[in-house]
Structures are given as C-alpha cells and as structure tokens.
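Note that the protein sequences, when read in sequence, are chains P and F.
Going by the UniProt record's numbering, the first residue of the first sequence is number 1, and it counts up by one from there.
Going by the UniProt record's numbering, the first residue of the second sequence is number 1, and it counts up by one from there.
Please keep in mind that the hints were generated in silico from the structure rather than gathered at the bench.
Ideal Cβ placement from N, Cα and C applies to all residues, glycine included.
Don't take every hint at face value.
[Claimed, not checked] A partial selection of chain P residues facing chain F, derived with a Cβ cut-off under 7 Å:
{"id": "1", "residue": "Ser-5"}
{"id": "2", "residue": "Asn-71"}
{"id": "3", "residue": "Arg-182"}
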Amino acid sequence: MALKSAIRNLRNNPYLLFVRLPNLLSLLCIVVGVVWLLLLPLNEYSRRTYISENALLPGQVHAYFTGSEQNIFRGYKKELEGLLNDGQARGGQKDEAEVTAAVSDKLQSILQAAGLKVATQKYEYTSAGITHQGENTYAIIHAPRGDATEAIVLVAPWMTADDKLNLNGVTLALTLARYFKRWSLWSKDIIFLITPDSKSGTQAWIDAYHDMHPASVQSLPLKSGALQGALVIEYPLEHRFQTLHIVYDGVNGQLPNLDLFNTAVAIAGGQMGIGANLQEMWGHDDSYKHRLQTMFRGMTKQGLGYATGAHSSFMPYHIDAITLQTKGEGWEDEMALGRTIESLCRSLNNLLEHLHQSFFFYLLMQSNRFVSIGTYLPSAMLIAGNFTLMAIALWMRTGYYPETKPAEPKDGKTDVAEPKDMKVSVEAKTINIAERQLALPLSLVAGLHLLGLVPLWVFNNIFHQYFTTTTYIFVVVGIILPLILAAILSHGLGLSKPIVPQQYHLIKSFSLLLLGLSLSTLATLNFSLSFMIGLLCAPLSFVTRVQSSAPVRLATSSLGLVLLNLLSPPTVLLGVCGYMGVSVEEVLTQAAFGWDVWGLESGVVALDMAHNYKGCKE
Amino acid sequence: MTVLSLFSVPFVALVLSLWSCSVLASSDYHEHLLLQPLPQSSLLASFNFRSNTSQQSFDQQHFRHLPRALGQILQHAHTKELHLRFTTGRWDAESWGARPWNGSKEGGTGAELWAWIDAPGDEEAFAKWITLTQSLSGLFCASLNFVDSTRTTRPVVSFEPTGDHSAADQLHLLHGTLPGEVVCTENLTPFLKLLPCKGKAGISSLFDGHKLFDAAWQSMSVDIQPVCGADGECVVQIEQSVDMVLDIDRSKRSRSNPIPRPVPNEQLICDTSKPYNSDDTCYPLETSDKAWSLTEVFGRSLNGVCPLADSDGTSDPSVCLRVPHERGVFISEGAEEIKKEDGFTRCFKLASSAPFDLSIPQQPVNTQVPLDEPVLHAERTIVGHGQERGGMRIIFGNPSNTSDVDFIYFESLPWFLRPYIHTLHATITGLDGVPREVPASEIVKETYYRPAIDRERGTQLELSLSVPAASTVTLTYDFEKAILRYTEYPPDANRGFNVAPAVIRILDTAHHSPIYIRSTSLLLQLPTPDFSMPYNVIILTSTVIALAFGTIFNILVRRVVSLDEAAVLGSQSVKGRLLGKVVAIRDRIRGKSSKVE
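This is chain P alone, in the form it adopts within the complex (with noise of 0.2 Å):
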C-alpha cells in the first residue's frame, strides 16, 4: 500500500517523474557503470585464468628444438643476411625488387629442400593514396597420415607491427619447418607464412584463403583444409631476450579464444620459465593499479580495434592468432623460442575440434588474470542504458506534459498544439494528452545521421596529405553547422516555422533512443568501444533547454556549447593526437587503411557518434 502511495505521489507531481527522476537515474546509471568496471580488478571481481580445452595438454611434452638445429639457424640466417647485405652493400646498383625477389627466390628453394609444397601470392592494395604492395610466400607441411581437413598456420612477417627487420624471426621459421617435417605426429597441415609486413600481407592470404579478395590481390595456388590456429613469430632483436610479449587483440575489437592465450602463458612461463607479457606492461607486480592499467590499455585497444599485429586479420574469419614478440635482454636465445612455438604447436595439434571451449569474450588484466563478459558487460550496459532511460523520459514527457508546470510558465510554450477541449483528468490534474509532430524529429535525426557518411566517404577516398587540413574543417563546420541548425530550427528564418519545444525533446529523444540502442547491441560485441563512445556521449543526455534569465542562459547554453565542441570526435581525435605525439594524418591514414583493407568499423561508430552530438545541440 506505501507503494502504491509513493506511485501516486509520482503521478501527482510529473515534474519529478518526468525530469527529476530520469535525470537522476540516468546519472546512476553513469557512475554505477564506471565504479563497476573499476571493481573489476579486485580480486572479488576477476578470475584466475585456466585451461578449458583438456585435449590442449600444454607444456605436456617435450620440446626437443635444440642442438645442431642451432648450427641450421645460423646457417639459413647467413644466407638470409648475405642476400639482404648484398642489396645493402651495392647501394644504388640493385634495387629493391631485385633484393626481393632474390629472397623470395633464397626462401621458396631452402623450403622446397626441406620437403614442402611452396607457392606464393603477390597482392596490391591502395588507401588514402598509398600503394601497398608484396608477395607472400608460403609452405605447406602435409600432415603424414592426414587429408588436408585442418591446418595450423605459422606467420613470420619479414617486417614486424613496430616495423622492425624481423630476420630472426623468419629464420627460425624455415629452421622450424625443416624440423617439424621430420616429425610424424601431426594430425594437422602446417603452414609457413612469410610475408613481407605485418599489415597487409596476412590479410591479402587469407581473403585469398577464404576466396574473399578483391581482384588486386592473387588467388592461392595451394591450399590446406580449415585453419584452427595461427600464431605469429616475430623476433626483431639482435641479441637474446628477456621475457615474451603476446598481442591477441584482433581487428575490430575481436579476440581469440582464451585458452589460445592460456596455452601459450602457460607453455612460455610454465614449461620454458620465459615469463609472457601482455599489453606492454614489463614492471607488472599484480597490483590493482597495475592490473586496472594492464586492463584500460587492453580496452584502447579493443576500443580502436586496429589491427595490433599479423595475427589480427585471422580473426575476422573465426581463426584463433596470437602474435609470439621478444622483449628485453636477457638469456633467452631463439631456440627457447623455437621451444615454446613447437610446444604450442604440438597442444593445438591435438586439437580435436576447433577451440570454442574458453571465453571470446574477456577482458585481461595480468597475465593469469582476467574477468569474463558476465562480469564486465552491466558496466557498459549500464551506460547505454541511461541514454534508452533518457530517450523514453522524453518521449513520455513529450506525450503527456506538455510543460504547463511547474511554477513558471516559459514564452512559446503556450502555442502547444492541444485541443482545448481535452481536459485534465480526475486524479492527476497537471497530466494532459499532446498529441507529437513527428515528421520534422524524425527526418531530422534520420538526416543528421546520414549526414555522417559524408566524413566516412570523404577521409576514405582524399589522399593522405589532406587528412589535417579536412580534419580541421569538419571541426569548424561541426562548430558551425549545428548553430545554423538551431537558428533554423527556432527563428524559422522564413524556411520553415518555427518549432516547438516538443519536437526538441522529440528529437532528443529520439537521438538518444539511437543511440542507447546501438551502444547497448554493440556492448555485447566491443564492449570498450561502446563503453568509450557512452562516456564520451554522457553529456548529451543532461544537455537541456536552460530556463531562467537571459544572460545567465546565455551563459550557460554557451558554455555547454564550448562542452559539447571539445567533446565531438573530430576534436577529440586532435586532441589525443596531440596528447599522444603522433600526426593526425598518420591516425588518419591508419584509419583509412583499416577500413579499405581490415574492415575497420570504429571509425563508422566514431562518425555516427558526431551526428548524435549535432542533434542533441539543440
């Protein structure tokens, strides 16, 4: 009975169910959502990682990459080094093709000698301007008892994600092929891949391997069953390393399979006593900052979703890939190296279905640490959630209260469209019927929307000398642009009439409604995407009407301008641009090759994002 009481009271006082309430609970929303995904450090929150799959048997076996394979090394890598010193030594005399196709010529031979099929595929991609272009190389171990129904890929891109020479890297990847072809035991194909860099060349492979690639980029003449696993060599140093770094973030926020990461911590820690690393993070002593830090770095990069290494581009095609990288200087040479990828090779050649037990979904906050998407999920869902709760407030509050309360009466409020006829109920006097205009909310924000595809289109098809310069102009008409919009909107400027304040709540509402909507779906698929772009979308739900005296509106609405300004995706792009020290154009042809190669889709969601804020200026 005191519920319902306490309901009656809300309906009798709709200032506080309509602005109040929504107001406060978005507000909840916001902060519960952040404190929560600040929890999950703690020990309370996280788990302890462990290994799913049983038939993977990590660090079981014994690695036997040891003794006179060393002297093999060092021989395929002088012949490596005498081919790239040759091109190096004659300067001007050979040019680089030439250096090339002699390696490739040098890689193709001492594979074919070892025993496997080789072919290679030459690929072409252009962005922003730019030609990218190569020739993969690549090998195939032919299981001894089996039927090319599956197949483990190994990657040693010639040139690393930090775009060092990654000599080391591609030998013990030839010393590697010759020693497993010995083997007897696989039960599924092995694949060598040399590529020339870390970006393109894997994924030219395997949209050819996928038959999905565009017609610059080479058919594979040979070819193996269904890929499980992949992982990605890259030893750029010259001498022996310390620990080992693994990548696993994926393009467009997709990760691998956790046991994948599992497997190779606990053969790189466990078995060979290296120690792995994850997220740049050397000094990690398992505090919580430490953990939060490791955690905030792992969504960045989520968030962004670019491709963070040649493992990326297996992920879009359901192939679980990590990127193996020595850091340091220490006592480990290549051969612990060689180890821990045989031994990995060997937990998922006894893979017997494809890994799907562990998580896909997790967030890693040390390396044996993680908190799984049940656990993290509520925060950013929570934030999505205050835009939808902000969305269906306005909605209500446009068909019901049409704003006669409470106390002062506002100029044009009272031109509200109501017949005059339609009374006051019994019970809730100030509640009325409006009837809403939707027509001009909705094909604003429907416009404003598509309004966005004009950025995507413009910055994915100039050439890459112009990003800054298109930058800083969509910046300034993103300052202007809206103000036109609200002069339009509320003098008419004879184009239109002018509207009523409940179609500026409509189109507020139905903004948000959006945008609730797609932060919430996408929660469940990039959850730091979503939760990034909610926090940075925050303000919009709060922006409102100031009602009180002219100049202090002035001031405020102004000073909520200058807010809105900082906080739209062109500037905030400057911003961190110039916080982190690197060019706009850079970002922005990174972008723009993420989009034409990877399918990079955060800068979609970073566009529409803009289009929000437009509609929300208001």
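Knowing the structure of chain P, use the given hints to seat chain F on it.
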C-alpha cells in the same frame, strides 16, 4: 534311423569334398609385391593377393582360398560383386605422378564400399545392402554399419561392374562412404586373416601395423567379382591389395627410438662451399637417393614364399623392384635376380623357406625411373566463411597440351549441406592465364542430380565434364548449411562434419580400365550451439523458472468466483468504484480526442 542319419552327415560331406577336388583345379592363389622408390625419399610398396574359386564350389560353400567368412556374407546378402576400400593420407600427384592401378584400387579417405546386389526391387536391394554393411562392419572392425540411407547413393554412370555377370541377375549398385573413418591396425588384422598365409609367410609377412599406418598414403582394398573365361567357365575372384607410400627416413627410425631428435653436430650434412660454414654454422644439404633395405623400412624381413602361392614359373615372381638397372641392389642368399628388358624393373625369385632381404646402398644415379603424368589434376575446397552459407570450388587441371579429358565427376553430399545447383558456374583458364567465365553447359555435358531429403538421403550429383587441352576449369557453386536438431550433433560437433571425397572417373579410350581420382575429404563447419555446461544450465534454469513463475503467479493472483459474485465484488469496494469512474473518464477523453483527429 536317427543314428544312421547322424553318421551319414559327415560321410556325405566327405564324399562331396572328395568329389570337388577335381573342380579345385581352377582354384589358385597369386601374390605379388612391387617396390618403387619415389621422389622426396618415398617408397611405394604395392602388395597384391589374388585367388580364384570356381563358381560351382563357391555356390556349394566349398571354400579354399576364398575366406569362408566373406563368402558366406556375400551369399547371404546376394552380393555378386563387392569393392571395399580403406584409405588414409594423400597421394601427392605433383611429386609421385599417376596413381598405382590407375586409382582403381583406392578409395576416398576413410572407408568406401560399393557392391552390386541381386534383388528384385530397390527396397529389397537396400535391405540386402544393410545386411551386407552390418556383416562387413563386424568382419572388418569398421564402422560400416553407419552407412545408412543418408550415406548411400546409387551412382548412375560413375561405376561399372568389372566382373562378368549373367544377364539373369537383377543387379543394383549401391555405394556408401565413411569419410571420417579412422583406418587402423584393427582393420589390418581382419584383412590379413583373409589371406591364405595370414601374414606368416610370403610377402604378407612384411605387414606391420606400425609401419603401414605411419605411411604417407596407404590404401587397402578387397574386390570380389565373378570372372568368366572364354570357355564359359566362371570363377569367383577375390583380389586384396595394399598400396602404401612410406617415407624412407621416417620408416628407418627404429621403434626403440622413434623421436626425430636433432642429429649430433658431426652428423650434419652441410654445404661446405658456403663461406660461413663452420663448426657452429651449417647450411644443410638434402640428399635425395637414400639407402634403404626391406628390413629397415618394414621393420621385419620377408619370410620366404607362401607355400600356397603358385610358383610353377609361369607367373611373375612375387617380388619386383623398379629402379634403374645401373643401381646396385644386394639381395640375400638363395634368391635369384631377373632383370627385365625395360631397363627399370627387376624381379626376384625367392628361396622357398629362407628369409629374404633386399638392400639398396646410397649411390648417385643419373637415370630416373620415369613416372606417368597424371591425366587430370583435381582439387576441391570449401570457400567463404560464416555459419550460414558457403561455397564449393572444384578445380580441374588438364596438363596435356594436345588432348581433352572427358570424365564423370561424382559427388555425394550430406543432406545438411544444401547445394544451390543454379549457382553452378564455370570459369576456364587457358594458357594465357586469364580466367574466362563460360556458361556451365559448355563444360558440363550431362548432369544427373538427385536432391537430398532431410534426414533421409544425401545429395547425389554426377556431372559429365570435358576439360579442353592445357586449361584449367573451375566449377563453383554455393550452398546453405542446415541447422541440425539438438540431438543430431555428434559429441565433437565443433570439429565440423566430414564431407565425402568426390570421385572422378576418367573415360579414356586408350586405357581399358577407367582411371579413378578421388579428391580429399572436406570439413564442413555447421552452425553449432554452445554445448557447454553454462549454456545447458541457463536453458534449464530459465525453463524451470518460467514454469514455476507462471504457475505460482497464477495461483497467487487468480481468485475463482462465480459470475454474479464477481459483479458484486467489483462494484462494492471503493477501489472498484473509483477505478470504474477513472476508466469511464479515460474512455470519454480518448473517444473525444480521436474524434478531434
């Protein structure tokens, strides 16, 4: 009387057996082994065992070389001709050339069975077929009993009977494959038991499960067919063969030390011409012609000849080797070497009881045994990704520069792979390397298509194709992946589902027997639900809670009253009256506002 009849049974049997001794003249047994080193340090070993039994003694169930277990199964299932294959691995046509026996004695990966059954109608034939598969399943320790209606097809043009059948038989061809069958020693043992010498003597004594199933490719086959001579005398012929390609390096490893550890530094074979060559740096040199011997490769020696085998000198000696004549071969004492005129083949006459060994030392040779070029290259892969749709891509390459290749392409697809035949497209790539899209009808001359029925039978597709000289034809079609019922998924659902290899029968007039090629089997990923424990728990608890909530809520809220009671109850209470008024007012407002519109 009963005593007499009891005595008479063995007597009659004895008389019958004595009588049939004269018929047994047509019963004979041959065995043959051909060894041929192949490129990339491989060795092809082709074993063949053949025996005949006269039709008469077969009908009277008098079995000598033909195994009784198999003979009775055939008679019980009215099977006139039977072909059974167990295959693992992949024949590497690129390095090894054409297939042994023109591919006619091999099957697709796993187990493959086809038979001609004498039955009055289709249904009877299928019933006999099920009997046959069940019995063979027991005999060969294979999962042949899983060849059900969804895995059985009735090919129209892909297979022809190889035996001579009387016109009176109403023969039905049934064909079944098990691409996921893992062939292992348990299949070899029953196979050996069918042989007259059962792996104790003769070439079958070389069979060792460890070596046989470590081969890069191996195929076991059993063929039974009636063969009639010109004089009208018919025999039932059983031919068993085992073909395998051994990796010489791998096979030579002793069983006590099977791990291919890195060799000691001093045993590395390095390219000493390299400037950087030193004690710790080595660019390896791969040797091609490796030394091997029978005992090393097979792990045991050949125990003389099988006493039951014909060794009257008219037939070929049982062991032959194909290496250039200039190559030295050491054989054990007592055996005799016969070199053939072709310059590559030599055969060995074995001493009847002494063990035989043969060893080839490492020796640089200039001539190579010529390998036959395969007539056609075929490759089949699944393209596309995702859980809903996919595509099949089949590439046929004709290496010949002069002649076209005509062949039948036969595919039996599981029912949960639903092909869209209208999307069948053909692309042809000529010498210039530019792919051209051509209408499929230009390449495909005839099509026999039998669509699938869910859970009853698979798709059967037979295409008659022609690939022009020196060109490559790519056929593609799209398919849809069906969603299975919850209980239809196997325990390893996430591995994917095997799709049986395609069979290609090349219609070459130059050869008497057709050439067969089989593609590799495929792994099809179907949309698979998460079978993990949390998923089950979520489903179960949700169901339980929904049920419980519904019932309890119902009980709590509902009050059972009579109709007039309900009216009184409603009007009596203050709440009821108030609510009534509110509703009335709301109705009036609604009604009016709708009129305003």
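Hints, verified against the model:
no.	hint	in the structure
1	Ser-5	violated (13 Å)
2	Asn-71	holds (4 Å)
3	Arg-182	holds (4 Å)
Checked against the numbered hints listed earlier, the structure breaks hint 1 alone; every other hint is satisfied.
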